[in-house]
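Student: Got chain A sorted already, so can you dock chains B, C, D, E, F, G, H, I and J onto it with the hints?
Number of protein chains: 10
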Amino acid sequence: MLFQVEMDVNIPLDFDPEEAAAIKAREKAYSQGLQESGKWRHIWRVAGQYSNLSIFDVESSEELHGILMGLPLYPFMTMRVTALCRHPSSVREDDS
Amino acid sequence: MLFQVEMDVNIPLDFDPEEAAAIKAREKAYSQGLQESGKWRHIWRVAGQYSNLSIFDVESSEELHGILMGLPLYPFMTMRVTALCRHPSSVREDDS
Amino acid sequence: MLFQVEMDVNIPLDFDPEEAAAIKAREKAYSQGLQESGKWRHIWRVAGQYSNLSIFDVESSEELHGILMGLPLYPFMTMRVTALCRHPSSVREDDS
Amino acid sequence: MLFQVEMDVNIPLDFDPEEAAAIKAREKAYSQGLQESGKWRHIWRVAGQYSNLSIFDVESSEELHGILMGLPLYPFMTMRVTALCRHPSSVREDDS
Amino acid sequence: MLFQVEMDVNIPLDFDPEEAAAIKAREKAYSQGLQESGKWRHIWRVAGQYSNLSIFDVESSEELHGILMGLPLYPFMTMRVTALCRHPSSVREDDS
Amino acid sequence: MLFQVEMDVNIPLDFDPEEAAAIKAREKAYSQGLQESGKWRHIWRVAGQYSNLSIFDVESSEELHGILMGLPLYPFMTMRVTALCRHPSSVREDDS
Amino acid sequence: MLFQVEMDVNIPLDFDPEEAAAIKAREKAYSQGLQESGKWRHIWRVAGQYSNLSIFDVESSEELHGILMGLPLYPFMTMRVTALCRHPSSVREDDS
Amino acid sequence: MLFQVEMDVNIPLDFDPEEAAAIKAREKAYSQGLQESGKWRHIWRVAGQYSNLSIFDVESSEELHGILMGLPLYPFMTMRVTALCRHPSSVREDDS
Amino acid sequence: MLFQVEMDVNIPLDFDPEEAAAIKAREKAYSQGLQESGKWRHIWRVAGQYSNLSIFDVESSEELHGILMGLPLYPFMTMRVTALCRHPSSVREDDS
Amino acid sequence: MLFQVEMDVNIPLDFDPEEAAAIKAREKAYSQGLQESGKWRHIWRVAGQYSNLSIFDVESSEELHGILMGLPLYPFMTMRVTALCRHPSSVREDDS
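Residue numbers (the numbering used here), protein chains in the order written: chain A, 1 to 96; chain B, 1 to 96; chain C, 1 to 96; chain D, 1 to 96; chain E, 1 to 96; chain F, 1 to 96; chain G, 1 to 96; chain H, 1 to 96; chain I, 1 to 96; chain J, 1 to 96.
A hint or two may mislead.
Stated by the list, open to error - Derived pair list, reagent style DSSO-like, types lysine-lysine, alpha-carbon separation capped at 30 Å:
#1 C/LYS24 with B/LYS24
#2 E/LYS24 with C/LYS39
#3 D/LYS39 with A/LYS24
#4 G/LYS39 with H/LYS28
#5 J/LYS28 with I/LYS39
#6 G/LYS39 with H/LYS39
#7 I/LYS28 with H/LYS39
In short, the hints are calculated from the structure, not lab data. Quantities reported herein were computed from a predicted structural model and do not represent experimental measurements.
Chain A extracted, bound-state conformation (with noise of 0.2 Å):
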């Protein structure tokens, strides 16, 4: 099942560099092991923004849910979720 998720990263400007790069290394980490297990399908920056645009592939949204949490950066992090469906238009079966 598909959703786009929508997330703002906001870390405060008083908060320790060395601390915040370590945060940003294991979320790149936690990232693309669920990219390469094909969970977390796409993510693109949005231009100009500390944001990223996200499309997941999960069982459920308890699936998705427990994901989101798991981000070392959710603390600092304001999300959007839309749930999304195959569109009658698309040409691709495997993009559903």
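Tutor: This is chains B, C, D, E, F, G, H, I and J only, laid out in the frame that chain A set:
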């Protein structure tokens, strides 16, 4: 260059149903031609809405604008356009 | 899988009252069939509004989308869809 | 009488984690006591958010207010309260 | 139980003035009957607007919903409903 | 002259509880004095919120402003002020 | 007593131009009469908009409401009303 | 040239009261100097808010910007600026 | 003096296409005349929208207002006007 | 390719003034270098705000993103990015 485009369709209640069906058929053919050419990379339906979430891969804003103005349903649509970039955490070279 | 769906109904002032009554009767039958099948788990009226708050229990976003598109009142409705999960504090196993 | 209550939780980044854990444990016990008494009829997690959607069945607005003010997490919450009624299409007598 | 209800009235420019006058006369009679029964405790005009601010004292959300649906001007109105409680600083026992 | 005033109170999480209690006690005394004088005609709690809905009966905007600026909790409040009039459908001469 | 009133005018595209011109002429005469009486202290055009920003000096909200309801363009207007006071830094006694 | 400027002031709760008083005194002197020069034509208090509504009469946007940046309270303010014109219905030549 | 003006155009679906084409032709000629005179410094299309972003260089708000009111498409437009100044970091003397 | 970028700057009240001055000096140098290279085509100050309106001319969204992320004031900024196209009514070939 990638753009996210969200399109909401709103056909008036009293619009002629046959004309609406003809416009939708032209819209589907137009969309599928662009999907096959690779310009319209993804199209998903937003659950519960007469709306789609699409990803376009075009040469420039001008090309995007021309494609969107050519949509048979354009006069019935509201659009939100967002410029995207490759994300530094993406594992896919071809998903920039 | 659970979804919250909020539906606002807006029938134009000059819409034929008999046709409106017929559509509402079909809407009621359609809703009750889905309630009896367990797909439409709850439906409440929002006090003072021609709106409802509903909980659906479906297999997927696609199934939800199909159900909502089939609503006889769909052309008169504005919808907000929210994906839900079981809450870790819930005492009810069957209310996930 | 039924009320929908949407609760968003926002604990500051620098709040003591042990104190937060203790408050959350009290919150869970408080919620479960009210669920068992039938006052807090439903609680669902909103996918991707530290938010819940709840349905309360109380005698009056005063009772609802007292329950919500007593939430251990109340100082960290933003609330939206909506009064609900039985829906004329509902098939359930006990879901008024 | 007390509810604040804010009502905005919007009669289309081309609505028949005689019919509008008849509806407004019925609205006034309906409102005054409910004021005399004590259900509609207060009604004030919002300065500069075709809107009112009202306080209702009813048994339940269902009773409120029934009263509001019965308003002759209901099809022309937008409503905002807010559940109220006695305030702990109030000096009036009868203003709960 | 009547004004509706909606007041939302927001005391920071780390504000000294004793000082907060002292300010609230002064607020209550201040409010009750004005209620007894007839200036602060009504005060209701908004269900689920640390907010009130109040009706003031004052000589002028200046008098209202002076009263509101004198609220011990004013530095913690957000306000919305709306000028009201007697409603032509009101049955109460003394509720103008 | 002073009030700021912002008025946006929106005449439908298909409204009869002669009737519109007649209403605007009555509006101008009505406004100028009130300006000369001192009730309508200031009127400015908002650049680029069919909107004005006005300052009224009236006895009460009731008087303001009566004046605004009497505007020939009132059925085409959206209004925002804000109660004003003398500012403690003002150097003008007569500009309260 | 005329501009409407709405200024909301928000001084943090923990800001030093003596320093705040000194800034407010400088603000008052600065404002009164500009009022006397005719640049700051009107200043009114918004009832119930720590906000003002002002009318400036300046040579250009640059002059306005310079004046506003010079406000001692500027770092504590949120501003909304609207360009105004003479209204065709105005009876005052000097109130352009 | 510089102003940013954002213009959204919305021609009703059932508006006569020939009349629309004639108005658009007049709009283009009007715009190009003002561009050549230097009053309308820049005009860009917003990608995916029937909207433009324009920069005007005029003597005053009055001149701007007159120009905008003269737009043949004005009755179909929604506008947002923002006063601009030279930026202290700008390297261009002639771009103030 | 052209983009409109609106940047609002918000430096906390308690930020070290010398450090702020140093960042602003770096920002100015950075901006002027990009202006001279032609990437940052225009920059204007929004009257009354610590905000600018800028036009960028870049190869791609990626290039824009890189430029914006490099702004010394980026951590203090909120951005809105809009993709622009040549307007069909523009008289300037070089202003696409």
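Student: Decide, hint by hint, whether the structure agrees.
Tutor: We went through each hint and held it up to the structure:
no. : hint                 : in the structure
1   : C/LYS24 with B/LYS24 : holds, 27 Å
2   : E/LYS24 with C/LYS39 : violated, 43 Å
3   : D/LYS39 with A/LYS24 : violated, 43 Å
4   : G/LYS39 with H/LYS28 : holds, 29 Å
5   : J/LYS28 with I/LYS39 : holds, 29 Å
6   : G/LYS39 with H/LYS39 : holds, 25 Å
7   : I/LYS28 with H/LYS39 : violated, 39 Å
Against the hints set out earlier in the document, violations occur for numbers 2, 3 and 7.
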